[in-house]
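Trainee: Now for the letters of each chain:
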Amino acid sequence: MLLIDCPNCGPREESEFRPAGEAHIARPEDPQALDDEQWARYLYYRTNPKGLQFERWHHFYGCRQWFNVARDTVSHEIKAVYPMGAAKPKDLA
Amino acid sequence: MARYSIFSLARNALSHHENWPRAWRSPEPRPTYDVIIIGGGGHGLATAYYLAKNHGISDVCVIEKGWLGGGNTGRNTTVVRSNYLWDDAAFLYEHSLKLWESLSQELNYNVMFSQRGLVSLLSTQHDIDSIQHRVHAMRMNGIDTEMLTLAQLKRWVPIANYSRKVRHPINAGAVQRRGGSARHDAVAWGYARAADGRGIDIVQQCEVTGFDIKNNRIRAVETTRGRIEAKKVAVSVAGHSGVIAAMAGLRLPIESYPLQAWVSEPLKPVLDTVINAAFLGVYLSQSDKGELVIGAARDGYNSYGQRGSFRIIEQAVAEMLELFPIFSRVKLLRTWGGIVDVSPDTSPLIGPLPVRGMYINCGWGTGGFKATPGAGELMAATLANDAPHPLVQPFGLERFSTGRLIDESAAAGVGH
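These protein sequences, in sequence, are chains A and B. For the first sequence, our numbering gives the first residue as 353, with consecutive numbering after it. For the second sequence, our numbering gives the first residue as 16, with consecutive numbering after it.
Hints were generated in silico from the structure; no laboratory data involved. Glycine included, each C-beta is placed from N, C-alpha and C at the ideal position. Check each hint, because a few of them may be wrong.
Between beta-carbon pairs, the in silico distance windows are [to be verified]:
1. B:350 with A:362: 21 to 31 Å
2. A:374 with B:47: 53 to 63 Å
3. A:355 with B:266: 53 to 63 Å
4. A:362 with B:419: 24 to 34 Å
5. A:385 with B:264: 38 to 48 Å
6. A:361 with B:246: 55 to 65 Å
7. A:443 with B:281: 25 to 35 Å
8. A:413 with B:183: 16 to 26 Å
9. A:427 with B:81: 34 to 44 Å
10. B:344 with A:355: 47 to 57 Å
11. B:120 with A:380: 24 to 34 Å
12. A:374 with B:419: 21 to 31 Å
13. A:368 with B:183: 18 to 28 Å
14. B:285 with A:443: 53 to 63 Å
With a straight-line cut-off of 30 Å between C-alpha atoms, the simulated DSSO-like cross-links for lysine-lysine are [claimed, not checked]:
15. A:402 with B:283
16. B:169 with B:246
17. A:431 with B:169
18. B:80 with A:402
19. B:169 with A:402
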């Protein structure tokens with residue numbers, strides 16, 4: 353069970369949260385300009401790293417805010433919690 | 016390959032069973048092969064076996080970083096079924112189920128395939144409507160299944176709790192009688208022995224570290240036991256598909272998650288069918304050893320850790336006890352997790368990769384075990400002919416750009 357440090361609520365149990373996949377996937381500025389292959393890459397293709405992953409979490413049963421987490425996908429250790437829209441933490445990126 | 020039979024059993028009994036030959040060799044890898052299969056789980060070993068048997072290609076090496084069947088093949092809950100909604104998926108899984116029905120004879124190895132039936136329990140009207148829809152679709156495709164009334168269910172599964180005073184009362188069911196379970200280790204070992212018997216090299220403790228790709232064509236696989244050249248490479252590594260693809264400079268529409276299961280202490284026979292209660296997020300069966308084998312939905316976060324969060328177990332056990340109060344004092348013996356490779360439409364991904372000579376078989380998510388014989392056979396045909404077999408043709412990478420997804424999430428057991 354993960355203990356996740358919500359930026360608003362402090363440390364809470366994982367069961368209050370919902371993971372929402374890889375972070376920092378920007379929606380293309382002009383989707384009409386993309387071909388089907390490029391659009392598929394935006395929609396479906398993921399890094400799926402073994403090791404450090406930057407991902408989104410949603411405090412679904414708490415403050416209902418979204419935020420980013422840097423987490424190791426092997427040890428599950430959470431290395432950083434940072435706001436939506438912020439860049440990846442410099443010491444990790 | 017020494018054939019197993021009642022006579023070989025009797026003959027070996029005379030020497031106290033101390034002289035059985037090894038089931039397969041452990042050769043050093045040769046410098047070059049026609050085909051390298053990465054991953055010595057059920058799918059990879061089955062691919063190797065059918066390459067030799069159906070296509071006469073036995074210059075094949077299966078490389079495995081750990082031991083045979085030590086990944087998801089040995090970590091699943093052994094359910095075999097073909098109750099899928101969409102035609103493409105139904106034909107694929109039914110092809111596999113038909114191979115299961117003669118697999119022990121085919122391999123001369125008892126995989127303990129037991130068609131004890133797969134019973135889906137249903138609660139809400141929405142459940143019943145959607146399963147009725149699927150039952151109709153399956154029957155149109157010639158796959159056995161039928162709805163069960165409450166009275167029929169009580170005969171099939173007498174130990175369930177049919178009280179109305181529970182949160183989710185049981186109101187109906189459906190059954191696929193040809194569904195059931197098999198012994199997972201035996202599937203890996205049976206295919207390994209049969210593939211080895213046809214001259215295929217199986218190399219364990221040999222991890223892929225990179226690829227030699229020139230002009231977008233595969234030339235060799237770099238491993239911890241040296242460089243091995245091959246004309247074709249098949250990737251059959253389930254949860255680690257993304258890691259292997261990255262070594263070839265590719266990304267996949269696949270994410271890896273933990274899927275957990277657990278078993279109880281052995282009990283006297285009490286449950287003679289496989290139960291799926293999707294509305295509760297739990298499914299279970301009783302193994303031939305007597306253990307209750309219980310599974311739940313996967314964890315939500317990406318992981319390669321081969322373990323998940325206890326909350327999944329806690330919740331699914333609570334739901335199971337509402338269904339089967341009779342198990343309330345049963346002790347759990349052990350829990351474990353495997354890493355499942357989930358695609359966006361929860362259907363598998365089989366076919367060529369953008370690097371010429373490379374093929375992949377992945378994306379089976381939470382339900383790859385049942386597909387072992389079928390995926391192996393169809394992957395072998397795809398490799399041998401350099402073109403997707405018609406049954407797997409809809410399951411290629413291109414579906415994500417054409418938009419022709421095969422959204423089988425409704426049929427993928429308990430929730431993804």
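Trainee: Are there hints from earlier that the structure breaks, and if so, what are their numbers?
Mentor: When the structure is compared with the hints, numbers 2, 3, 4, 5, 7, 9, 10, 11, 15, 16, 17, 19 turn out to be violated.
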